[in-house]
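Colleague: Put chain B on the given structure of chain A with help from the hints.
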Amino acid sequence: MSELLHFSEHTLQEVALGFMALVYTIRILWLFGFKAGGERQAATGPPNTTPAKGILYSWANIAMPWAMESTRRHYLIYVQFAAFHIGVTAAIALSFVIPYWPGLLESRAVVLILQIVIGAAFLVGVIRIIRRVGSPYMRAISSPDDYFSLVLLTTWFFFAVLAVPNQIAGGEWHLLGYFILTAFFLVYVPFSKISHYLYYPFTRYYLGKTMGYRGVYPVRRG
Amino acid sequence: MSNANTRSLKAEKVLERMGQKLNRQMAGSLLACVHCGLCTESCHYVLANPGDPTYAPAYKGDLVRKLFKRHFDWTGRVFPWWVKAGSVWTDEELEELKDTVFGKCTNCRRCSLNCPMGVDLATFNRMARGLLVSVGVMPEGVAVVSKDQWEIGNQMGVLKEEYLDTLEWMAEEMQDELDDPEADIPIDQFDCDVVYSINPREVKYDPRTIADAAKIFHMAGEKWTMASEGWDMTNFGLFSGDDDLGGSVAQRLYEKVVELRGKQLVISECGHGYRSTRCEGPNWAKYDVPFVMESSIFTMLRYIKEGRIKVDKSRNSRPVTYHDSCNMGRSCGLFEEPRELLQLVCSDFREMYPNRAENYCCTGGGGAMSMSEYTGRRLKSGVIKANQLKETGAEIVVTSCHNCVDGLTDVIRHYELGIEVSQLVNLVANALVIEPKVAIPVEEVVEVVAEALPLAGRTLLVADDEPDQLEYLATVFEDNGATVLRATNGDEALAMACSEKPDLLTLDLEMPGRNVGEVYEILRKDPELESLKVCVITGRPELRKLIYDRSVRKPEGYMDKPVTEEALVSTVRRILELAHDESAAGDESTP
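So the protein sequences, as listed, match chains A and B. So in my numbering, spot 81 of the first sequence is number 275, and the numbers just go up one at a time. So in my numbering, spot 116 of the second sequence is number 119, and the numbers just go up one at a time.
So here's chain A without its partners, still in its complex pose (with noise of 0.2 angstroms):
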């Protein structure tokens, strides 16, 4: 292994993530600046709905497609996103594994799993980056960022479908790819869209709240 390569993979990683842990927690100390808002009257809805059901109801909405009808309709959109955020979190586990935990690619079932899991997101990347600019509704809103972003993801994702195995035999340049680009994730997502998980618990409460109090949540159907 190359200087480079172990500098990538621990020195580089290491700062990166200090920082976006640095970042992040400024914006949740700046969120958190805002008054939060309150709710005087007494609950509406059935007895048995509650904030607490509420918030549950609204943060399990992710793993609940039929719950919302865009979700329901376009249950192939939730595929993709189950697949992409699969996909993310695998990645992003591989950048410890490969450093600290490497006997683990020596199992070639896992790094099957991996690769299939990891392919599948760049494949929905794809389709994703086809489809913002394909619909005209999806051009309308969208940014700069937003455009970026999805290509920065699927290029990471590229680069660790071929990161998987751990193999320098070949060279190093994909592992270099993957870690330069796991870094440079990781100090960019703080200032993109996709830091909106680090909204999303949040965003998610309030409305889980607001609505369990009203008896809205959760979501009843006839």
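The reader is advised that the hints may include incorrect statements.
[As the list claims (entries may be wrong)] The calculated lysine-lysine pairs, modelled on DSS-like cross-linking and capped at a C-alpha distance of 30 angstroms, are: (1) 69(B) x 229(A); (2) 247(A) x 289(B); (3) 564(B) x 403(A); (4) 16(B) x 229(A); (5) 564(B) x 504(B); (6) 229(A) x 101(B).
Source of the hints: derived by calculation from the structure; they are not laboratory data.
Modeller: For chain B alone, kept in the frame of chain A given last:
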């Protein structure tokens, strides 16, 4: 007005106030959108305007989001173009924002519930409305209605005398119908179990709902009252985004109930009124309400369950469907009680699909009915609701919201569906089982007099330049016994009023020829037309100032188009009967 380098005063104020209004929930919603596009098809405007992305919820949200990013989020401050952050500089840009937040969204919250991220677009759309209203940028109708609610105390400018007269009239009708002189609409009674609040639309256009509710309270043996002031449970602050107005209106109502020492405030069927009074009002007014508040839906349901009233569902045998009001449903969770009630009072209830939290807006939400400049868009978007209604096969659509009544009526007329719109209170009143009184045989032969048509013997002048509208109004009046004269412009109306001396003139505010305001002023100043009553019937409420800003006697009646036959006849009849009562009272007091 400003150039590109300096911000207009209004734009400056909007940004300043935005900083004061933002809370954590809104900031989270403004930060979290990932532009996934899944909300797009949840909006009825999008579905009715395929190919136009400017109706997409995420697109509309971005118009507000860009301001947040540019001025409150440092990523947007550093790289504005990268994240589509932007600012507002000119009054024209504020007008464009107005066109979207008022004219392309009814705040129905359907997109909020369909957003995987939990972005509550309706909440910050309302905030944007409030910011614009704070600098005077709003549709004319919103300004007019807000002014009425601030100054007169209710959003339709109903005067106290008009309100009390209507209650008295309805009480008399109820006494006649029940043949019970004890049946009454109590006013300002202390220590009652129920204080009943209503929508001013009921006084203006649909007094039948007041009579129906009164009948139900009476039959249930309820100790109830209505307030002579502070009775309007509607709240235009919800639509305009003006929390100050919202708080003030809500507090007026709460304080009246406290003053009357009422135990419970019952809110008549009105979606935004229920949400404003029951849910948002205490927050806006920062007021801890010391009494219970409930929708009349709960009250009626309880009366039936407790056996205080008896109903016979076979009296409502026509197929009925239910439209969930956005404010009652998606914002207050009131879904099952109306259905339970309908099952008790109707024999053929059919569900509409989608329903409950997934129902589509009636198109009249968010104050859309008062924004006539967007009527075309509203009716176009109504195709979604029209299809929903048609598929039920119902003859009656029931809703628990006065805005929905108007919105649905408009959609039904526009798409020629031939469906009747009703409210639960009407169906419950119709299903009431009223025990017959024990008849005391009388030997005298009572002469039966055939009931006269309500407008028999009256001469009405209808002034309207739209042939369809003119014919509709004239036909309704003729069917009810009136002699009708027709005018299609201001000059003609003036000439006919002077020559024919009708009892009442219905006046459209937008007609060719002489300005309608001038015509009105001339009529009012003519001593020979002292007794002429005028009822304005218009589709453009923002033109009211043509008449109401003049220093002459105000019209005796006012109605927004579209008008139903029932509302039209009852309003005109009330104006004429009040005129008759006044002249009779005048005669009595004359020595």
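Colleague: Going through the numbered hints above, which ones does this structure break? Give me the numbers in ascending order.
Modeller: Result: hint 3 breaks, nothing else.
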